[in-house]
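Enquirer: Work out the full structure: start from the sequences and follow the hints.
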Amino acid sequence: DGGITQSPKYLFRKEGQNVTLSCEQNLNHDAMYWYRQDPGQGLRLIYYSQIVNDFQKGDIAEGYSVSREKKESFPLTVTSAQKNPTAFYLCASSPTGGSAYNEQFFGPGTRLTVL
Amino acid sequence: SQQGEEDPQALSIQEGENATMNCSYKTSINNLQWYRQNSGRGLVHLILIRSNEREKHSGRLRVTLDTSKKSSSLLITASRAADTASYFCATATSGNTGKLIFGQGTTLQVKP
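Heads up: the protein sequence lines correspond to chains A and B, in order.
Take 4 as the starting number for the first sequence in the numbering used here and just add one per residue.
Take 12 as the starting number for the second sequence in the numbering used here and just add one per residue.
Treat the hints as calculated values from the structure; they're not laboratory data.
Among the hints, erroneous ones may be present.
[Claimed, not checked] Once the Cα atoms are required to be at most 35 Å apart in a straight line, the calculated DSBU-like pairs of lysine-lysine come out as:
1. Lys37(B) with Lys86(A)
2. Lys74(A) with Lys67(B)
3. Lys60(A) with Lys81(B)
4. Lys74(A) with Lys80(B)
5. Lys80(B) with Lys60(A)
6. Lys17(A) with Lys86(A)
7. Lys122(B) with Lys80(B)
8. Lys37(B) with Lys67(B)
9. Lys37(B) with Lys60(A)
10. Lys74(A) with Lys60(A)
11. Lys67(B) with Lys81(B)
12. Lys60(A) with Lys122(B)
13. Lys37(B) with Lys122(B)
14. Lys86(A) with Lys73(A)
15. Lys73(A) with Lys60(A)
16. Lys12(A) with Lys80(B)
Note that the structure is predicted; figures quoted are calculated from it, not measured.
Expert: Here it is as structure tokens:
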């Protein structure tokens, strides 16, 4: 089956710890995105990558880091510098990074809770 | 930055009724997209309308776009209990970055 997978589904972190959220896609899409969603809110863009080995900051990149070493993988690290990391994190991909007319395909999300 | 503002924030209707959700945005756009999110899940793309289009249909969905008023509406006809979800508009602004800016969403409850 083609699609986007995120793991883990639930993640608990102690204050001061870094954690890495996994996002993998087998859709052969060039572009990948990370969003944060807080309760009752829309999605805010953290980082995006239009092509492998390249990524750009979104609107709320502080306290987060990413890498894009492989086309199918776009892991997100939530660092201890992120002061309020408890949220629902969504990964998405789209066929090409240079088009405004692509729909985005979403993974099932990871719910991160800081204890 | 939140480009889209959606109205109403919450909507509750009976099965069989129509549901209308509105989205307003601030800057010029290439296209506007609507997504659906079931509770605790990822988003699913519903429909894309380009800036030079005024209306688009997909099954029971009808989307309109008024670029002069910077607004869009999503109409779901003959709603079903399975339509219960949150609905988000997302705008793709000028340039070809592929970035979308999402509104805060409308939560729709369809009562059986």
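Enquirer: Given the hint that Lys74(A) pairs with Lys67(B), does the C-alpha gap stay at or below 35 Å?
Expert: holds, 33 Å
Enquirer: Quickly compare the C-alpha distance for Lys80(B) and Lys60(A) to 35 Å and report which way the hint goes.
Expert: holds, 30 Å
Enquirer: Lys86(A) and Lys73(A): Cα distance at most 35 Å?
Expert: holds, 29 Å
Enquirer: Between the alpha carbons of Lys12(A) and Lys80(B), is the straight-line distance 35 Å or under?
Expert: violated, 40 Å
Enquirer: Is Lys60(A) within 35 Å of Lys81(B), Cα to Cα?
Expert: It holds: about 27 Å lies between the C-alpha atoms, which stays within 35 Å.
Enquirer: Run the distance test for Lys37(B) versus Lys86(A): straight-line Cα separation, threshold 35 Å.
Expert: holds, 30 Å
Enquirer: Given the proposed pairing of Lys74(A) with Lys60(A), does the C-alpha separation stay at or below 35 Å?
Expert: Holds. Lys74(A) to Lys60(A) sits at ~18 Å (cutoff 35 Å).
Enquirer: Are the Cα atoms of Lys74(A) and Lys80(B) separated by 35 Å or less?
Expert: violated, 40 Å
Enquirer: Just to be careful, I want the Cα atoms of Lys73(A) and Lys60(A) compared with a cutoff of 35 Å; is the pair within it?
Expert: holds, 18 Å
Enquirer: Do the alpha carbons of Lys60(A) and Lys122(B) lie within 35 Å of each other, as the hint requires?
Expert: violated, 41 Å
Enquirer: Under the criterion that the straight-line Cα-Cα distance not exceed 35 Å, is the pair Lys17(A), Lys86(A) satisfied?
Expert: holds, 12 Å
Enquirer: Would the hint linking Lys67(B) and Lys81(B) be met if the CA-CA limit is 35 Å?
Expert: holds, 16 Å
Figure legend: structure checked against the earlier numbered hints; hints not met, in rising order: 4, 12, 16.
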